[in-house]
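Protein chains in written order, with the numbering used here: chain A, 1 to 439; chain B, 1 to 439.
Hints may contain errors.
Distance ranges between label pairs, derived from CB positions [said to hold, decoys possible]:
| id | chain 1 | residue 1 | chain 2 | residue 2 | range |
| --- | --- | --- | --- | --- | --- |
| 1 | B | R5 | A | T291 | 42 to 48 Å |
| 2 | A | T251 | B | S429 | 35 to 41 Å |
| 3 | B | E426 | A | L228 | 37 to 43 Å |
| 4 | A | R2 | B | E92 | 37 to 43 Å |
| 5 | A | T438 | B | E17 | 34 to 40 Å |
| 6 | A | T438 | B | E426 | 38 to 44 Å |
| 7 | B | E365 | A | L228 | 55 to 61 Å |
| 8 | B | R386 | A | T251 | 32 to 38 Å |
Hints are computed from structural coordinates only; laboratory data are not their basis. Ideal Cβ placement from N, Cα and C applies to all residues, glycine included.
2 protein chains.
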Amino acid sequence: MRLSRYFLPILKETPKEAEIVSHRLMLRAGMIRQEAAGIYAWLPLGLRVLKKIQAIVTEEQNRAGAIELLMPTLQLADLWRESGRYDAYGPEMLRITDRHKRELLYGPTNEEMITEIFRGYVKSYKSLPLNLYHIQWKFRDEQRPRFGVMRGREFLMKDGYSFDIDEAAAKHSYNQMFVAYLRTFARMGLKAIPMRAETGPIGGDHSHEFIVLAETGESGVFCDKNVLDLPIPPADVDYKGDLSAIINQWTSIYAATEDVHDAARFESEVPEERRLNTRGIEVGQIFYFGTKYSEAMEAKVAGPDGTEVAIHGGSYGVGVSRLLGAIIEACHDDNGIIWPEEVAPFRASILNLKQGSADTDAACEALYKELSAKGVDVLYDDTDQRAGGKFATADLIGVPWQILVGPKGLAEGKVELKKRSDGSRENISPAEVVAKLTS
Amino acid sequence: MRLSRYFLPILKETPKEAEIVSHRLMLRAGMIRQEAAGIYAWLPLGLRVLKKIQAIVTEEQNRAGAIELLMPTLQLADLWRESGRYDAYGPEMLRITDRHKRELLYGPTNEEMITEIFRGYVKSYKSLPLNLYHIQWKFRDEQRPRFGVMRGREFLMKDGYSFDIDEAAAKHSYNQMFVAYLRTFARMGLKAIPMRAETGPIGGDHSHEFIVLAETGESGVFCDKNVLDLPIPPADVDYKGDLSAIINQWTSIYAATEDVHDAARFESEVPEERRLNTRGIEVGQIFYFGTKYSEAMEAKVAGPDGTEVAIHGGSYGVGVSRLLGAIIEACHDDNGIIWPEEVAPFRASILNLKQGSADTDAACEALYKELSAKGVDVLYDDTDQRAGGKFATADLIGVPWQILVGPKGLAEGKVELKKRSDGSRENISPAEVVAKLTS
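Extracted from the complex, chain A is given alone in its bound form:
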């Protein structure tokens, strides 16, 4: 992408309304624009990251055996009356009346609708287990939306729902999602710690939140530092096999949100030097809720002996749009964002330090064409901005690799390759840059 033909509206000034660093940086880097309180347009740079995050979530869900569908944003109020949540949900639910006076709502979550879909088609235990997910825009009418995409009203969520014949099978589905979530967040460059948590309005017996540690997080967390170094399950983990060893490894080490924190247990189990009490950002939550929705909504299948059984359910959420904020909170410095490679909007940017000079223009064009042809997502800063401005933009938007092309280096056949994450630089030939970024 040539920056001169792109739409990257960088802000020079720090927007006053932004209270936290991720919100400030997303506004300054031209990633989002507020269209109403808690409602954002995703500008091209922001959308690129959103799509990369979405792709990782999709890949890891599919790998774990979940099946993607897509439910609509609007739902019938009557569906929520069946489960009893229509009146219970309160003012966070955006209630809508259409031209024929039918009551709709903008879905904040989809337990009811997926249960309605399930019961419409699935009649026998032979179709189980089944785990269905979608990635769709949701709306929660927050009293006080703030922190940018971290607590927006219209937000993108992946929500998945498992259907099993009994509790043991449902626990296996829960464990599959536990493992898939460990992999999902790790691939985004995050340390997201699963912590025992309250179940809240979803209900249920058993829940874990996945929490990214950050000083700006919304909730207090307590954990044993050892949990930070646990290994992430590999891509070829056997999702059909017994996952309990992995789950036990992660859940036997103390980690809990303040809501369910047990100070006595914490102090007895964790030596003082390993006690971590900090704040965190929730990026995912998984629930096992048994027959709560299937009983209320008559989602039953014929069991092996022919009798009807209410299915055991779980639900599994990832805050897809919120993750951009969480990643930036965890990955930034004074100059801007430092994207982990897998979610970066571009992998590299070429900075032409003397735009209009025949040599640098030719060298940049050649690099741009070769990297693009080899499938590297590259942003070419071909604008008239001065070198200092180009450095600042590149640091701000946080692309992992910067290729600095100036007349002095070129005279020796070299360009400078700068790694955004540690600032390290090396003078190498354009051919070496290509080799390095495509290896």
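Here the structure of chain A is known, so what remains is to put chain B in place on it, guided by the hints.
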């Protein structure tokens, strides 16, 4: 994908509520489920096709130089008051009030919002031309939603908006989208004819609808048959260069919807044997509307001489979800859907004609693994259904290639490869099947 582990709820009976064949087939093939009038859930098979269509639209937009962003589904009513369309839009607009009594609406289109975004950042003619698009769910509260996804209320649309300094530049942007649309629909296996059309509530001076010919279409159309054989511009068409030769070629041949049809001109220009009067489905529409929104909403830039100029705009829509219906209307037979290869949910399906027999199971497994490893999207029908049922399912869901694996053929080292589009069959070895599907 193994069918036994997939979620493909085929309906045996033809749903009574469906009036047209695409709606019937989408329901029968387990692609969609109605959740409210004109509001559908996309089941896994339907979502696969939707994503492929979306990917083609995205690729061709990017190729033509348009830049993707993503605007939210909800918009502020005040934004539409600025352009004067809030009161004019009528009951098709879904109006919403949030908990703080702020007036919102579910966007039916985005001229106002994109203009607001544009004017927030772009100040100089040097940033032009600019063409921004998004693919997002829209809502139009149709009086009488029907025909499934063809006239739904919640629907997925690609809408793009161009910003230019003057009419000549805006015409070039218009022409770029004209060419991109020709390519987009052709890649989906459709003959979509650009026809002069009314501009309707978007307004403007100049518009073309892209119409797929189908007896079940919503509007009457008149054209010269020669337009059906015009060449589609190639992938390497020079979008920056002069496109007027292509546009002239397409627009000089008579083709018009009934709203703007000129019977006298039709009869004088088109010899009787080439006159086609049929019906059609609109799958895209492009508009040039000059300064209509930029004057009303103060979207102005500094021109080369420093004076402020209202930008010249165009907008460009593709009915992404509606395209599934249009493709099925154009591509089906009595047994079901016949997907064009580029949009098919799977490229091939393997039918194990004797599930549980060691030979057919092993041959199917081997084929499934090899094709999957080579990147072919393949559905393996490993269910207990009898052969007749598997044939019917495969024909119904319309996957382009069926691989029939039975004990008789296997005894001779052969399987049967059936092409869905013409029913042709050949007995070849599994290795030849793999070679054919991966060449």
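Each hint, compared with the structure:
Checking the proposed 42 to 48 Å range against B/R5 and A/T291 shows it is violated: the Cβ atoms sit about 23 Å from each other. With their beta carbons about 51 Å apart, A/T251 and B/S429 fall outside the hinted range of 35 to 41 Å. The given range of 37 to 43 Å is broken by B/E426 and A/L228, whose C-beta atoms sit roughly 59 Å from each other. Remark: the range hint 37 to 43 Å for A/R2 to B/E92 is upheld by a beta-carbon distance near 40 Å.
Take A/T438 and B/E17: their Cβ atoms lie about 54 Å apart, and the range 34 to 40 Å is violated. For the hinted restraint 38 to 44 Å between A/T438 and B/E426, the CB-CB distance of approximately 41 Å keeps it satisfied. Against the hinted window of 55 to 61 Å, the Cβ-Cβ separation of B/E365 and A/L228 comes to about 42 Å, which falls outside the hint. The hint said 32 to 38 Å for the Cβ distance between B/R386 and A/T251, and at roughly 46 Å that hint is violated.
Violated hints, in rising order: 1, 2, 3, 5, 7, 8; the structure is consistent with all others.
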